[in-house]
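Colleague: Residues per chain are reported as follows:
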Amino acid sequence: MDSLLLVVDVFASTLRLATPLIFCALAGLLSERAGVIDIGLEGKMLFAAFAAASVGVATQSLWLAIPAALLVAVALSLLHGFACVTHPGNQVISGLAINIIAAGLTVVLGIAWFAQGGQTPPVADSVRLKPLLDVALLGQNILVYLALVLVLAVWWLLFRTRFGLRLRAVGENPAMVDAAGVSVALTRYMALVGNGMLCGLAGCYLVLAQNASFAPHMTAGRGFMALAAMIFGKWHPVGAFWACLLFGFLDALAIRLQGAKLPGVGEIPVQFIQATPYLLTVILLAGFIGKAVAPKALGSPYVKSR
Amino acid sequence: MGVSGALAGMVAMNELSGVHHKLLTDFVAGAGFTGIAVALMGRNHPVGIILASLLFGVIFQGGAEVAFEIQGFTKDMVVVLQGLIVLFSGAMAYTLTPLVARAYHALTRAPSAEAAHG
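Taken in sequence, the protein lines are chains D and E. Under this note's numbering, the first residue of the first sequence is numbered 101, with each subsequent residue one higher. Under this note's numbering, the first residue of the second sequence is numbered 34, with each subsequent residue one higher.
By construction, these hints were calculated from the structure, which means they are not laboratory data. No residue lacks a Cβ here, since even glycine has one placed at the ideal position from N, Cα and C. The reader is advised that the hints may include incorrect statements.
[Claimed, not checked] Looking from chain E toward chain D, a few residues come up when the C-beta cut is under 10 Å (computed):
no., residue
1, F66
2, T67
3, I69
4, V99
5, F101
6, I103
7, T107
8, M110
9, T128
10, P131
11, V133
12, L140
[What the hints assert, rightly or not] From the structure, some residues in chain E lie toward chain D, with a derived Cβ separation under 8 Å:
no., residue
13, V36
14, L40
15, A70
16, L73
17, D109
18, V112
19, V113
20, Q115
21, G116
22, V119
23, G123
24, A124
25, A126
26, Y127
[To be verified] Listed next, with one range per pair, are the computed distances between beta-carbon atoms:
no., chain 1, residue 1, chain 2, residue 2, range
27, E, S122, D, Q160, 37 to 45 Å
28, E, A136, D, Q374, 34 to 42 Å
29, D, V382, E, I69, 16 to 24 Å
Work out the full structure: start from the sequences and follow the hints.
Modeller: Put into structure tokens, the structure is as follows:
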């Protein structure tokens, strides 16, 4: 009975830890399937978390905190789009710029507004998202369930709708889509808006569900982890979902195994388990699960040649 | 790739035996990511990279000094500044290009047109 409880416990915390990764991986998926590299996931999530926390603290309203986070993340996405969809800027630099700006600006604004060394005060209990049911495994907050639903929703959007077909085509062969009379830029912008909203949800989750306040650099590489999961899942929502679960599981395990001694091995350094997701991605992609083929037009700005 | 790894190793060498003399956790402090930005801002040209990295070095060191001198100035403001530089002169480098090109064409064409008239 005890071991069953332990398994349920680890699985529940796997879900909780995987949720922000799932949001971010789906966000990255949307934009990369449309041909726009997005390494700015981390920065968008961080800024969204900051927006959710500061609006939540200032207004004490959940229904203002979440839209604020979404709005900020979408705005950053549109900035990304302005630099590398409207203009042929480099998508990697633009994403990097978003990351650097978010890492700095959240702390500067945090110090200016709350004067707590970049932290925000904890949001009130009424603003937080609480578990829906009081059952061991199903006692998750609504965003966890939303993440699971969104995996299917994104899959349906990408592979079962006309818009999804256009979005994928824009990522593979934008010239063809353009010739068919569909705007490449508009499709990419729409993908980026979806991307921003998903990043915003990830930020909300970090502040309103997982922690109670914003702390500087609190995303701690989750955006990059989500990118790895997305590539690991071969740019497919369901594949990315499993990869996120795996990474979440390793994370949960790392927390569990802190200081625990395994028979024969002794104490495993937590850092080793924290490094495992990245090691796994490299090793498994290098030969075990086959080639992950990126969308063909990924990274190249579409310029209509005259 | 091998050379790239070797060069990245030299960064660590420099920090360890030149600055800290001991291994600190996270001592690279984002140098790797800033490095990507610097390389791309230097348009992947060795000379451009030297100029871009000098700029970032000056900003970083200068920011540390200013933060030491002035109260209320934090290192994070320097990070914001670096981010904005990466954004405007890296990612949005091509934003003004068509305008500049058009202005240049207009300027160079105007005198020749007059010359044709005269």
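Colleague: Hint by hint, note whether the structure agrees.
Modeller: Results of checking the hints against the structure:
no. : hint                         : verdict
1   : F66                          : holds, 6 Å
2   : T67                          : holds, 7 Å
3   : I69                          : holds, 6 Å
4   : V99                          : violated, 14 Å
5   : F101                         : violated, 17 Å
6   : I103                         : violated, 14 Å
7   : T107                         : holds, 6 Å
8   : M110                         : holds, 6 Å
9   : T128                         : holds, 5 Å
10  : P131                         : holds, 9 Å
11  : V133                         : violated, 13 Å
12  : L140                         : violated, 23 Å
13  : V36                          : violated, 20 Å
14  : L40                          : violated, 19 Å
15  : A70                          : holds, 5 Å
16  : L73                          : holds, 5 Å
17  : D109                         : holds, 4 Å
18  : V112                         : holds, 3 Å
19  : V113                         : holds, 4 Å
20  : Q115                         : holds, 6 Å
21  : G116                         : holds, 3 Å
22  : V119                         : holds, 4 Å
23  : G123                         : holds, 4 Å
24  : A124                         : holds, 4 Å
25  : A126                         : holds, 7 Å
26  : Y127                         : holds, 5 Å
27  : E:S122 to D:Q160: 37 to 45 Å : holds, 41 Å
28  : E:A136 to D:Q374: 34 to 42 Å : violated, 53 Å
29  : D:V382 to E:I69: 16 to 24 Å  : holds, 18 Å
Consistency note: the structure conflicts with the earlier hints numbered 4, 5, 6, 11, 12, 13, 14 and 28.
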